[in-house]
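Undergrad: Dock chain B with the ligands against the given chain A, drawing on the hints supplied.
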Amino acid sequence: MSEPPAPRAPMVRIQGLVKRFGGRDVLRGIDLEVETGSVMCIIGPSGSGKSTLLSCINHLEPYDGGKIWVGGELVGYREHRDRLYELPEHRIARMRARIGMVFQHFNLFPHMTALQNVMEAPIRVKRLPVDRVRREALRLLDQVGLAGKAGQFPAQLSGGEQQRVAIARGLAMEPQLMLFDEPTSALDPELVGDVLAVMKDLARSGMTMVVVTHELAFAREVGDALTFMDGGLVVERGAPRAVLSAPAEKRTQEFLSRVL
Amino acid sequence: MARGVGSMTGLPPPGTQPIVRLRHPWTWAACVITGLIAALVLYSVATNPAFEWGVVAQYMLDGQILAGLARTAELTVAAMLIGLLLGTLLAVMRLSRNILLSVMSWLYIWAFRSVPVLVQLIFWYNFGALYPHIVLGIPFGPVFYSANTNAVITPLTAALAGLGLAQAAYTAEVIRAGILSVPPGQTRAAKALGMGPTTIFFRIVFPQAMRVVIPPIGNEVISMVKNTSLVSVIALAELLYTAQLIYSRTYQTIPLLIVASLWYLIVVSVLSAGQHFLEHRYRHRA
Ligand SMILES: Nc1ncnc2c1ncn2[C@@H]1O[C@H](COP(=O)(O)OP(=O)(O)OP(=O)(O)O)[C@@H](O)[C@H]1O
Ligand SMILES: [Mg+2]
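So the protein sequences, as listed, match chains A and B.
Note that my numbering has the first sequence beginning at 1, numbered continuously upward.
Note that my numbering has the second sequence beginning at 261, numbered continuously upward.
These are computed hints drawn from the structure, not numbers from a lab.
Here a beta-carbon is modelled for each residue, glycine too, at the ideal position from N, C-alpha and C.
Don't take each hint at face value.
Computed footprint of chain B on chain A; a stretch qualifies when at least three of its residues, placed anywhere within it, have a C-beta under 8 Å from a C-beta of chain B [as the list claims (entries may be wrong)]:
#, region
1, 97-104
2, 108-114
3, 119-133
Reference excerpt, derived from the structure (chain B facing chain A, CB under 10 Å, subset only) [to be verified]:
#, residue
4, 346
5, 443
6, 445
7, 446
8, 450
9, 457
10, 463
11, 467
12, 471
13, 474
14, 475
Okay, chain B solo, but in the shape it has when bound:
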């Protein structure tokens, strides 16, 4: 019908009439100017001798730096694991009908999210000043285990406590939101089939909550890579503190900070790519 009318009124057949797209000259102009500025910056960075690129290249694959990088990776993984496990527990407690559990979880999240992680790290590191001895046993009864606090709280345990316990508070909120995003009909259907609360949580609710939780957790992992550098204040030889150790000896401050920065850039870029890939896959399966 439409074609008949078109040919009768002398219009060209559909899809053949040329269309002139709107032009954006200012976008092009901005691109050229930005390109010029970028070239200038690059040129200055490459030629300014104070960057000492030779030193950067020398230390990029230095054994000490790589050991620091490995420590950073270990800390990230361990602290995130603590955060995920404890965070899940806190989220479940927070959503529990049991008022005691719910309030305890609320208090934990409130406290650990309010105090800066840096302060928490220093606090755990100095825990020995508060309780010189750690004792396991029955109160006012027999003692099973007793140790000097400074022997137990090494920089590593202080770092894991500081990063992991704070991370648990953040993760708990993310997981709680994930659990709440699962429609109540899912729980009703599972209950109607005779499933108990544990089965319902692990087989029905949690897997669906994960879908919502994975993107923000990915962001948390990336933040954690960078947050591990806070641990340098308690003299744990992760990437930043290793760089500091070296430049306090050689006074090549800027190049070693660049070495550390480049490694953070590389690790975060790889993780971001992985996160993008994961999200993409989840979206397609849903």
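Isolated chain A, as found in the complex:
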């Protein structure tokens, strides 16, 4: 614990990332690094490309230019003699299995109980024995404060509870990186705290996290770095406290004055 931290390679490295939707550049050359074990928060106005950036990191959206590495491995492509060759679906799936993702609208599987939601991927993807997966899933549900709700279907849970099940579902795959896309934006204000508390614990446990959020207090308290995006570009980045209290760029100032 008290040893000096070894110099580590970044968990996520993004270089010159370009993404187009129907001829329109939505991401226009993003450069970003996320240190292993750190929490990167991303803020920015609607339509600035935050969700698209996250979807490129686990290749839910294939990108059109630049490169992304996760854990030192190029995402979605194989590089050979200056060319990128698309990887087959099963290779991409294997990479995604190491990256957890939490969505704004939870996207729990409605036909499965909370417990089944958490158990599904470890059983089907990792093919782990059911007993072991069940034990681990129950532990995770306990960790997110839902020990008593294992048998409930998503429709029987509050938004905050659903989102915590979704976090447990992601953690069940023992990911090396967790992506959060506005995890609390769809929640009633009084339910936001529980979800943020779970995320804070997760950050404290050393999980590498990329969090798109409008919760500036969370970014300030938990984030190790903050990125402000606008118009498909990174406008400003730095320590959360510095960016939030003394933004260097005019666009950041304008955005913050509107949200605060």
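TA: Relative to chain A, chain B with the ligands alone:
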């Protein structure tokens, strides 16, 4: 507060003031008239000797009729199974990004939904006229299996082909709509967990599509019970053709048609009750 104001202004306490509901005299009048007409019809049906209720009772549980009924049930189940399996495959092909699969599925659905099932049945029954021999083997190479078409295409196989292949076209459209009703976020979440396309389809998308698909499929099963009677044209002894066989011998046409109709009524009623029950259960679990 409200109660205080009420008692001060002399209004009765809430919930105690009598309310006179609107009356519907014409509804009652219509009921009486309809009841009278129904009684007249029933009386005529019961007393008109041409219905020959005695003959109806005699044949209701006749062995031949029951065998025909069993054949109708078998045909319904088998044709629906073909329809469901092939229909699911067609729906998946139709939604595939592979243009060849998609177009093939579209063509199939177009053709089999456009030609009347009755025509398709007769067509399959006469398939032997088109290809007298059925041959399995490598084109222009060795032959593994060869048979006279008329030996393979019995009335039963023709009936199953006619009913099942057409049903697949209808079922495919129902299942496609079901698959499209599953929100794309479900697939995204499943992909993000590292699931492959097969797992995503069978574990995530298909079970959710079923919820939307079950009520219309229930209707299709009920239609199929009745559609099996079309098979009588190719001389397969299901319920209707059995009745026809008997009355062509005994000339008791009306009573035997009533026997068949009563059995269709009974089977469809039981299936409708089952469908109601299923839908009810699904709604409560969702
Ligand atoms: N599948 C898609 N097809 C076409 N355009 C898309 C698609 N997804 C996103 N876009 C466009 O890309 C731009 C960036 O979208 P994105 O969802 O990444 O923004 P965002 O920063 O996450 O916004 P918000 O805060 O509203 O979630 C938007 O203009 C959006 O309309
Ligand atoms: Mg977004």
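Undergrad: It remains to establish, for every hint, whether it holds in the given structure.
TA: Status of each hint after checking the structure:
no.	hint	result
1	97-104	holds (count 6)
2	108-114	holds (count 4)
3	119-133	holds (count 4)
4	346	violated, 25 Å
5	443	holds, 8 Å
6	445	holds, 4 Å
7	446	holds, 6 Å
8	450	holds, 8 Å
9	457	holds, 6 Å
10	463	holds, 6 Å
11	467	holds, 5 Å
12	471	holds, 8 Å
13	474	violated, 13 Å
14	475	violated, 16 Å
Taken one by one, the earlier hints fail for this structure at numbers 4, 13, 14, listed in ascending order.
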